[in-house]
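Model the placement of chain B with the ligand on the given structure of chain A, informed by the hints.
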Amino acid sequence: MPDNTGEMVPATIPELGRWLAANAKGDRRPVLPVGGRTSLGFGMPADPASVEVATSRLDRVVDYPARDMTVTVEAGCRVSAIQEALKMEGQRLPVDVPLAHRATIGGAVASDAGGPRRFGFGTLRDYVIGIRCATVDGRLFKAGGRVVKNVAGYDLCKLMVGSGGSLAFVTEVTLKLKPLPTSSAMGWACFDSGDTVSDLLGDLSTSRARPVAIELLGPKAARQLTAESRQALPVGPLLLGVAVEGNPVEVEWQVDVLDRELRAGGATDVTWARDADTKKLWSSLTDYQLGGESPVSIRACLRPSRTVDFVVAAIDAGVAVQAHAGNGVIHGHLPDDTIDATTAEEIIGPLRELAAKSGGQLVVERCESGWHDALSIWGPPRGDWPLMTSVKRQFDPDGLLSPGRGIEAAMQQLSDDGMDQQ
Amino acid sequence: MASTQPAPDGTVPVATELLIRFRRLLGDDGVLAAEDELIVYECDGYVVEKKAPDVVLFPTTTEQVSEIVRTCNEFDVPFVPRGAGTSLAGGCLPVGGGVMISLTRMKSILEVNLQDRYAVVQPGLVNLHLTRHLAGTGFHYAPDPSSQGACTIGGNVATNSGGPHTLKYGVTVNHVLGLEVVMPDGQVVEFGGVAEGLAGYDLVGLFVGSEGTFGICTQVTVRLTRDPDAYRTLLGIFETVGDATQAISQIIAAGIVPAALEMMDQGIIEAVEAAYGFGFPLDAAAVVLIEVDGLEVAVDDEAERIIRLCQEQGAREVRRAETEQQRALLWKCRKQAFGAIGRLSPSYCTQDGVVPRTKLPEILEFITDAGERHGVRIVNVFHAGDGNIHPILLFDERDEEQIARVFRASDEILGKCIDLGGSVTGEHGIGVEKLEFMERLFTEDDLDVMASVRMAFNPRGSCSPGKMLPTAGACGMEHIERSHPGKQAAS
Ligand SMILES: Cc1cc2nc3c(=O)[nH]c(=O)nc-3n(C[C@H](O)[C@H](O)[C@H](O)COP(=O)(O)OP(=O)(O)OC[C@H]3O[C@@H](n4cnc5c(N)ncnc54)[C@H](O)[C@@H]3O)c2cc1C
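Residue numbers (my numbering), protein chains in the order written: chain A, 1 to 422; chain B, 423 to 913.
Since the hints were made in silico from the structure, they are not lab data.
The reader is advised that the hints may include incorrect statements.
In silico PhoX-like pairs for lysine-lysine, Cα to Cα no more than 25 Å straight-line [claimed, not checked]:
hint, chain 1, residue 1, chain 2, residue 2
1, A, K178, B, K754
2, A, K178, A, K87
3, B, K590, A, K176
Here are the computed distance ranges between Cβ atoms for each label pair [unchecked claim]:
hint, chain 1, residue 1, chain 2, residue 2, range
4, B, G699, A, T206, 54 to 60 Å
5, A, P381, B, E866, 23 to 29 Å
6, A, T206, B, Q748, 25 to 31 Å
Using N, Cα and C, we set each Cβ at its ideal position, and we do this for glycine too.
Chain A on its own, in the form it takes in the complex (with noise of 0.2 Å):
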């Protein structure tokens, strides 16, 4: 049942399936599916009417075959409380989750959620190797399984994964997992020109060093970051950082050919912080592009050699970013003092288009309440947007899953405007 906030908290999967089962032959309320909270801003907002329906009881490890190297957990499982559970048997999953504290897994592998370290790791689809939902009529589904390698029937996981919980409440997912680094090392440059960076960049691509991460900061995500980790980071207009991890000898043996690699290519000063002086900088790395006060929040990706240009026109135009260098994934927040929806656009417009000229793609992740409608969340459609709505149609016909968030919504706008032109 509903408590008095209008939420639902199941305390098991069946009593989920069942309450969503009756919700659809019954009252037929749309449904939001919520975990830790930290990233229902994305996409267009819930429809009010929703019934939250929250994984927070569902926080069982249901399995951890640690010498097998995976993990099966319920949808609410924390993401922190499944990485120190993992670091007992000195494994992890190397997916940087924002907020993992409050995070749950669930709503990670939803939103498809990831930080510095896709670089050296990939992303939450890499991990997931078996799913189970719940459809929003209540059927329980799963797909996939627990072994590392498996190709019998189509690969949910993979069309769960980012799926915005619009197309089936996640309830539990297996994941494979990694042995944990015993040591790791960040390096921190400055740089004057992108020019240079881009270089720098360039030779990277083929150093001896195989760093697992590869960070490009403006000004004000390096101000944040410095104060936040509270090490003196090199002061610049651009600041790089590359991390590495493994052994300790691997880790010195890394440090010392990239901090020369970083000072041949232009950068006049190198910090490096090693092991336990790196954890904050890692989690404020991850937690940034969740952008605080922020009215609007962007994400762009494009291909990983344009990171910089894209980098240098984002903070010409005010905004602070922070890109995952070597993946071409950038985050970008809007000034506070951006007043309105029409201004937000004025900023957003050429960046979006700069992404599109990159091969890629610029979404807005976050934006005031009522701003939504002037800015195009999702920037123009894409050639596969009609096949994604046909796939929410079949999971979802009547549209009570998350209705009017996801990318669908999008299509329905635009044919909808097409039709009042007509």
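Showing chain B with the ligand alone in chain A's frame:
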């Protein structure tokens, strides 16, 4: 061929008019319709079930593929894509007859971009040709199925192929960034692209491994991976299969993820040694091929740890490949092991199951028992580090009674994989071979949801009917039935 009447077995032959249309589109050279030529296409690497298509087409452009598909739909004829035909699950079997679309003439490398670490290729490109093309650049395409000398990138995408090195680097789906697909209605759609992390559903990830049932892939953007700084290749020699599998479990449990961890048992060693003369000890019960890679400063240490773990499990000896030639020969022996099986038996059936890695000792014991119980000789060569077994069941195709025993043993082994918490296929796919297992692995609801996803891509069911899901095609395709449903083909 010219008749429009249904054939006695109920399949619908391709009409003459259709053939004229195809010849106009592709030229005579792009259309195969003579019975004796079609024989080659009656099966793939899964030889137990056979059915020739009515026609095989060889398009050279995406537009042609699209036009073929539209034409098939116009005439209500099913179609099935085919790469090199090395599928071991009957993925290329033209269930219900119809049109086979061979992608082998679309084999160009369209772009290599090292800066952004991707390559754009056509689906008919042979996997190894991409590897060769990239040699010396410092980058490679990681998925390396043992069949890489023949199989195509399009086939790899459709089956989500693995290979020895996918233990550390991940299977095909982890290395595909974008796809161009001719949808089952003929539309050309692009999924994903050169940038990672595009918003919306991961249709690339969903398409990979869909075994030709979601459309025809006509272009692939693959991710390129840095070559390792250094590697060490080891060969562990064991007195018993149990010792070997224990060693494998110990290595994984110690938190070491080698680049590759492959096992061959005595039966295979014998055949491989006769074929390539590497110098394998013929009296060893099993050998384990182990490759570690990483930084030069770290690989020796990791190799030492592995050697120690092998010794603790009773390895008779652990050899190192001292030269690049030795390493290459070792890998050749492993990857071409299947080719050597001809020395052991006229026919063989390669099974593909998965168990949690700690269950390897148990499943291998079971395989030995199953072989003995059913009087079938079984040899093993497989991706041990992933828990992905490949028992190879030897038989003589002419002896139906033997075939029946092979099926029974296979069934039991795969059933055991399920019981141990594993799967009935790690990389070869469901195809037609393993349809019956789907209901053992999945519930009705699971299968319904999968069927509904297929409806979004392939609502008419005309693209690769009768594959992957045990349900019949979709609406309008009820007339398509397998000419030899399942294993009756052999009995
Ligand atoms: C000796 C041997 C060793 C093998 N080793 C391995 C191994 O190590 N790892 C492994 O994973 N597999 C292995 N296989 C199995 C097989 O090689 C793989 O499944 C391979 O990916 C198939 O590629 P192909 O080009 O031959 O595809 P085909 O056999 O022609 O087709 C396979 C499936 O893909 C579909 N298909 C083909 N092309 C397209 C396309 N362009 N668009 C959509 N669908 C398409 C077909 O309809 C069919 O369902 C091995 C096979 C043999 C014979």
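Hint by hint, here is what the structure shows:
no.: 1; hint: A:K178 / B:K754; verdict: violated (29 Å)
no.: 2; hint: A:K178 / A:K87; verdict: holds (11 Å)
no.: 3; hint: B:K590 / A:K176; verdict: holds (12 Å)
no.: 4; hint: B:G699 / A:T206: 54 to 60 Å; verdict: violated (38 Å)
no.: 5; hint: A:P381 / B:E866: 23 to 29 Å; verdict: violated (36 Å)
no.: 6; hint: A:T206 / B:Q748: 25 to 31 Å; verdict: holds (28 Å)
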